[in-house]
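Work out the full structure: start from the sequences and follow the hints.
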Amino acid sequence: MTERKNYTASELLAVMSARILKDGQIVFAGVGIPLLAATLAQGVHAPGLTILFEGGVIGPFVVPGELPPSTNEQRCTRRANMVLPITDVLLLLQRGYIDVGFMGGAQIDRYGNLNSSYIGDPEKPAIRLPGTGGGNDISSLTQMIVAMKHEKRRFVNKVDFITSPGFIDGGSSRADSGLIAGGMFRVVTDLAILAFDDDTKEMKVLALHPGVDPDEVRDNTGFDITIPDNVGRTDPPQKNELAVLRNLDPERLYTA
Amino acid sequence: MTERKNYTASELLAVMSARILKDGQIVFAGVGIPLLAATLAQGVHAPGLTILFEGGVIGPFVVPGELPPSTNEQRCTRRANMVLPITDVLLLLQRGYIDVGFMGGAQIDRYGNLNSSYIGDPEKPAIRLPGTGGGNDISSLTQMIVAMKHEKRRFVNKVDFITSPGFIDGGSSRADSGLIAGGMFRVVTDLAILAFDDDTKEMKVLALHPGVDPDEVRDNTGFDITIPDNVGRTDPPQKNELAVLRNLDPERLYTA
Amino acid sequence: MMAEETLVLPHLELRRRTAERDRGLREKVMSLEEAASFVSDGDHVALGGCTMSRTPTAMIWALVRAKKKNLVVSRSIMSSEGEVLYGSGISNHVITSWFSQGIVWGVSKVMRHYTESGEARFDEWSHMSIGLRYRAGAMGIPYMPVRSMIGSGVNERLGDEVKEVICPFTDERLLALPALNPDVALIHVQRADAYGNAQLDGLQFMDIDIAMAANRVILTTEQIVSNDSIRRRPDHTRIPFFTVDAVVEVPYGSAPHECYGVYEPFFDHMDTLAEQTKKDPEAGIKKYLDDFYYGPSSWSGYLDLLGADAIVDASRRGRSIYND
Amino acid sequence: MMAEETLVLPHLELRRRTAERDRGLREKVMSLEEAASFVSDGDHVALGGCTMSRTPTAMIWALVRAKKKNLVVSRSIMSSEGEVLYGSGISNHVITSWFSQGIVWGVSKVMRHYTESGEARFDEWSHMSIGLRYRAGAMGIPYMPVRSMIGSGVNERLGDEVKEVICPFTDERLLALPALNPDVALIHVQRADAYGNAQLDGLQFMDIDIAMAANRVILTTEQIVSNDSIRRRPDHTRIPFFTVDAVVEVPYGSAPHECYGVYEPFFDHMDTLAEQTKKDPEAGIKKYLDDFYYGPSSWSGYLDLLGADAIVDASRRGRSIYND
Numbered sequence: 001m002t003e004r005k006n007y008t009a010s011e012l013l014a015v016m017s018a019r020i021l022k023d024g025q026i027v028f029a030g031v032g033i034p035l036l037a038a039t040l041a042q043g044v045h046a047p048g049l050t051i052l053f054e055g056g057v058i059g060p061f062v063v064p065g066e067l068p069p070s071t072n073e074q075r076c077t078r079r080a081n082m083v084l085p086i087t088d089v090l091l092l093l094q095r096g097y098i099d100v101g102f103m104g105g106a107q108i109d110r111y112g113n114l115n116s117s118y119i120g121d122p123e124k125p126a127i128r129l130p131g132t133g134g135g136n137d138i139s140s141l142t143q144m145i146v147a148m149k150h151e152k153r154r155f156v157n158k159v160d161f162i163t164s165p166g167f168i169d170g171g172s173s174r175a176d177s178g179l180i181a182g183g184m185f186r187v188v189t190d191l192a193i194l195a196f197d198d199d200t201k202e203m204k205v206l207a208l209h210p211g212v213d214p215d216e217v218r219d220n221t222g223f224d225i226t227i228p229d230n231v232g233r234t235d236p237p238q239k240n241e242l243a244v245l246r247n248l249d250p251e252r253l254y255t256a
Numbered sequence: 001m002t003e004r005k006n007y008t009a010s011e012l013l014a015v016m017s018a019r020i021l022k023d024g025q026i027v028f029a030g031v032g033i034p035l036l037a038a039t040l041a042q043g044v045h046a047p048g049l050t051i052l053f054e055g056g057v058i059g060p061f062v063v064p065g066e067l068p069p070s071t072n073e074q075r076c077t078r079r080a081n082m083v084l085p086i087t088d089v090l091l092l093l094q095r096g097y098i099d100v101g102f103m104g105g106a107q108i109d110r111y112g113n114l115n116s117s118y119i120g121d122p123e124k125p126a127i128r129l130p131g132t133g134g135g136n137d138i139s140s141l142t143q144m145i146v147a148m149k150h151e152k153r154r155f156v157n158k159v160d161f162i163t164s165p166g167f168i169d170g171g172s173s174r175a176d177s178g179l180i181a182g183g184m185f186r187v188v189t190d191l192a193i194l195a196f197d198d199d200t201k202e203m204k205v206l207a208l209h210p211g212v213d214p215d216e217v218r219d220n221t222g223f224d225i226t227i228p229d230n231v232g233r234t235d236p237p238q239k240n241e242l243a244v245l246r247n248l249d250p251e252r253l254y255t256a
Numbered sequence: 001m002m003a004e005e006t007l008v009l010p011h012l013e014l015r016r017r018t019a020e021r022d023r024g025l026r027e028k029v030m031s032l033e034e035a036a037s038f039v040s041d042g043d044h045v046a047l048g049g050c051t052m053s054r055t056p057t058a059m060i061w062a063l064v065r066a067k068k069k070n071l072v073v074s075r076s077i078m079s080s081e082g083e084v085l086y087g088s089g090i091s092n093h094v095i096t097s098w099f100s101q102g103i104v105w106g107v108s109k110v111m112r113h114y115t116e117s118g119e120a121r122f123d124e125w126s127h128m129s130i131g132l133r134y135r136a137g138a139m140g141i142p143y144m145p146v147r148s149m150i151g152s153g154v155n156e157r158l159g160d161e162v163k164e165v166i167c168p169f170t171d172e173r174l175l176a177l178p179a180l181n182p183d184v185a186l187i188h189v190q191r192a193d194a195y196g197n198a199q200l201d202g203l204q205f206m207d208i209d210i211a212m213a214a215n216r217v218i219l220t221t222e223q224i225v226s227n228d229s230i231r232r233r234p235d236h237t238r239i240p241f242f243t244v245d246a247v248v249e250v251p252y253g254s255a256p257h258e259c260y261g262v263y264e265p266f267f268d269h270m271d272t273l274a275e276q277t278k279k280d281p282e283a284g285i286k287k288y289l290d291d292f293y294y295g296p297s298s299w300s301g302y303l304d305l306l307g308a309d310a311i312v313d314a315s316r317r318g319r320s321i322y323n324d
Numbered sequence: 001m002m003a004e005e006t007l008v009l010p011h012l013e014l015r016r017r018t019a020e021r022d023r024g025l026r027e028k029v030m031s032l033e034e035a036a037s038f039v040s041d042g043d044h045v046a047l048g049g050c051t052m053s054r055t056p057t058a059m060i061w062a063l064v065r066a067k068k069k070n071l072v073v074s075r076s077i078m079s080s081e082g083e084v085l086y087g088s089g090i091s092n093h094v095i096t097s098w099f100s101q102g103i104v105w106g107v108s109k110v111m112r113h114y115t116e117s118g119e120a121r122f123d124e125w126s127h128m129s130i131g132l133r134y135r136a137g138a139m140g141i142p143y144m145p146v147r148s149m150i151g152s153g154v155n156e157r158l159g160d161e162v163k164e165v166i167c168p169f170t171d172e173r174l175l176a177l178p179a180l181n182p183d184v185a186l187i188h189v190q191r192a193d194a195y196g197n198a199q200l201d202g203l204q205f206m207d208i209d210i211a212m213a214a215n216r217v218i219l220t221t222e223q224i225v226s227n228d229s230i231r232r233r234p235d236h237t238r239i240p241f242f243t244v245d246a247v248v249e250v251p252y253g254s255a256p257h258e259c260y261g262v263y264e265p266f267f268d269h270m271d272t273l274a275e276q277t278k279k280d281p282e283a284g285i286k287k288y289l290d291d292f293y294y295g296p297s298s299w300s301g302y303l304d305l306l307g308a309d310a311i312v313d314a315s316r317r318g319r320s321i322y323n324d
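Chains as they are written, first to last, in this note's numbering: chain G, 1 to 256; chain R, 1 to 256; chain L, 1 to 324; chain E, 1 to 324.
Any given hint could be a false lead.
In silico SDA-like pairs for lysine to any residue, Cα to Cα no more than 25 Å straight-line [stated by the list, open to error]:
{"no.": "1", "chain 1": "E", "residue 1": "Lys279", "chain 2": "G", "residue 2": "Ile127"}
{"no.": "2", "chain 1": "G", "residue 1": "Lys124", "chain 2": "E", "residue 2": "Ile321"}
{"no.": "3", "chain 1": "L", "residue 1": "Lys279", "chain 2": "R", "residue 2": "Leu253"}
These stretches of chain G come out as covered by chain E in the derived footprint (C-beta under 8 Å, 3 or more residues) [unchecked claim]:
{"no.": "4", "stretch": "48-60"}
{"no.": "5", "stretch": "80-88"}
{"no.": "6", "stretch": "120-134"}
Derived from the structure by calculation, the hints contain no laboratory data. Cβ atoms here follow ideal geometry from the backbone N, Cα and C, with glycine treated the same way.
As structure tokens, then:
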């Protein structure tokens, strides 16, 4: 990332994540990059995409410049089709109505497990993080997209604590544990788009972002990561994508 | 019942049932006599009594002359405090919020089991009756009052089929079957008020209605029934009770 | 009894069927006849409403006319629509807690005729058990523990369709009710938008759980409103659009039953039906079907037969709930 | 971890406690101070709302002033009220799925200080698991089967508080969540009548299940309305009177958090709190309590400290949800 770019790392994250979403999908989104990306997708290529919030909201439209501070306040309900109790909106995941769960991540490992609970030993943590929120339920019950900054301390060989399960120990271990549906689909970073091997369930690079060298990914990943020779390349963020995004977050609360 | 009376058998049933209800109770009522009796109780001695209907209604007031045809139509919701889904109103029974379940009966046996499903062998019934409705849930989950006509064919030694459980085979058999709460409290008929022995759970006469001879009860009961020597006597329906009742059902749909 | 292996859909199969559905925000307004194509012979069809309330009469009318076969039909409580199911032959297997025209008309002679002769099945569950079966289906769990139905003949007759479970915390014995995920749900509401977002006034019965549990939902509605009006009161939406596959505008779509706040039951019509099926239930219900189901060329033709007087009277009574 | 024998109340004990309550239709309007007497030291207190929405701030304020002790407090998601619980010492044990002031302020330094030092417990459950624990409690069943939380560290750390169960129909492995019946629920609503019939606008969170599950409910409300107005729209009532033990009228009772349609969060106040607790979390939260909890002589005094400008601004933003 040595070239000068006309977008921030967060904007890149939002644009690249948005492109993965498909029209007609039902997307369970967190605030921040996931919400921005899902709203961006609606504005650019997926007008029939539906956003759900864990606070109990189906099909809202975000008012530009009024991004909600969490998924549990009235700003989340603007022009929504329906609001319902938290437990019921989460049960839609269990019932199978949701195509994609989409959230940010603090720490992820080679099998896509996420940690947002403890840094260090849970019995005596160096840092107590806020915890799972809806993350555990979403990642347990549907196909996941995670958007996060690509840093070595965030991409670790094994998370200190599995808050939101990915493929656990890889292979069939997720299903063996009793999680028979869902699983990690994509991890989107400011360097690359990552996927998981069909058999081993190890993270691998699917495509590199513009100007990103494979070594840059290796250097910023805390475990050996597969980068195929024929690895893909993403197209840079387009003007219309950035324009929609900047209209949504003019104060750059989430895209600084 | 040879004397001339200024009330019908149904009116007697309604009045005698109403007197058993206490102020402040929450009563899950069926239509017909139970609803009339509960509304009568509200008007005479229990203004703070709350009626619930299985259609999903909490605390309605019945409009005189507009008795609902079942517990599932809008007439049931007049001036109600709340309406809610059927499953949720029934779950209030399971949670333990309800003091009394109050319904009519087609056939009852010595242990208070009710049948409203089959006359004869269920595999090849002589008569297929409409079935349980909420009866099974109510009688399984709370203390019950049943109001019914006292006839030999209705008071049988053993019901053809247990639609709504009373004390099953008597003794501890109800609790042993897994029904750890609730049970039959009173059966009100046009001849007497009946209760159940604390130990054997057999039906017995608690009080006889005005002018009723013990033999009249024996003759109209299909099993040996205990009538203690010191059996009680109920007071005849009072003017104010009958006046409230007749105002509620001026066309005598349920009190003919 | 139903074969045990098909009683509860394995979770992955339930999810596969759900994933296949087009759940995007899209218009799905169509005619009764078009909507009838969403019901296949042999389907499990769940009916919204209860007894004489918000019965999806118009959709049943369309299914009868489309000569569907071997439907298994479940509902909280069945009224005259159950007689229509048996009489028309589109279903000879119903699952419900209570089945008659209504308390005031005594025991249904049509129900008695078909069940006592063995021509049709009437599987009896407790009221709450049916509700909790739909709810488990709506929640995506395969069973729901319950404290009811235990110890009764109702339970006994269901055989392996219910199972005893032990609470792992309290060691209490409970009954496990099998989740019910109907193939199709027919639900009638006061208003919905073209996408299928539905608002229900008054009594909700088991409709929300049924909609969430079913694999397809056909919504009939008194009125189609704009999506804008739905979005102004999102806390009034009870059924979300992505559960719905067809939206049909059918004024008086529950007649001769009631639709809360819009019309009460057509009592005279119900009286006539009860009278007509008293002596010879089979002939009586066949004549009823000939007159009201096969006779008219359209739903308006059906309403013509009910008559303007009756429609006005039922509407006046229906609206009166909001008079004070 | 909690002793297993007290994790789920045996059903007969739950019923006994419920039967003892005066559930008749009666007025129960009282002051915050009077309502505080319904909370005993050591009680399990469930909070309605979620994050910065419909937090029962005023009631927590009253409990802090009444110097309650050893409360175990559960909520879907905790925000700054959790910092108040820890800082005031009325609870050193919370059960929730997420605990910080809010995403925009980063990780709560107060939460970190008390949990990392071992002074306080923060039991983490998944969001839906907490909801289903309340729901099982509301339904009167001792456990709820679920497909979530399995395989995670969250599950593992809960030890015997969760159990594996096998579906008797599909043989699928599920997790059994223990029912949660709080001793007391604190719920803030937009309006309620003097009997405790409550209406909630907008997001409902887990409040209805909490109210049904709890053994006592303290309702604070922006406004007390007549029972007549409740009875005109019975399908808007969300919490029935007989679950409620106290009704307290407290305008701005969720400030500095929001009450849907009435006011949005007091963001500047939240900024100040975050800033003030950044360097020395313990001193910062103590000062906050001194200023806002112990300082004012009444709830209006608390609102005075928030200031008219902030109240007007939060109200304008809150009401704006109905502007289009």
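Each hint tested on the structure:
At most 25 Å may separate the alpha-carbon atoms for a hinted pair to count; Lys279 of chain E and Ile127 of chain G meet this at roughly 16 Å. A distance of roughly 44 Å separates the Cα atoms of Lys124 of chain G and Ile321 of chain E; the hinted pair therefore is violated under the 25 Å criterion. Between Lys279 of chain L and Leu253 of chain R the CA atoms are separated by roughly 23 Å; this keeps the pair inside 25 Å, and the hint holds. Here's how the stretch 48-60 of chain G fares: 4 of its residues keep a CB closer than 8 Å to some CB of chain E, so the rule of at least three is met and the hint holds.
Only when three residues or more bring their CB closer than 8 Å to a CB of chain E does the claim for the stretch 80-88 of chain G stand; here the count is 5, and the claim holds. Judged by the Cβ-Cβ criterion of 8 Å, the stretch 120-134 of chain G is covered by chain E as claimed, because 12 of its residues qualify and three suffice.
Hint 2 from the earlier list is the only one contradicted by this structure; the remaining hints agree with it.
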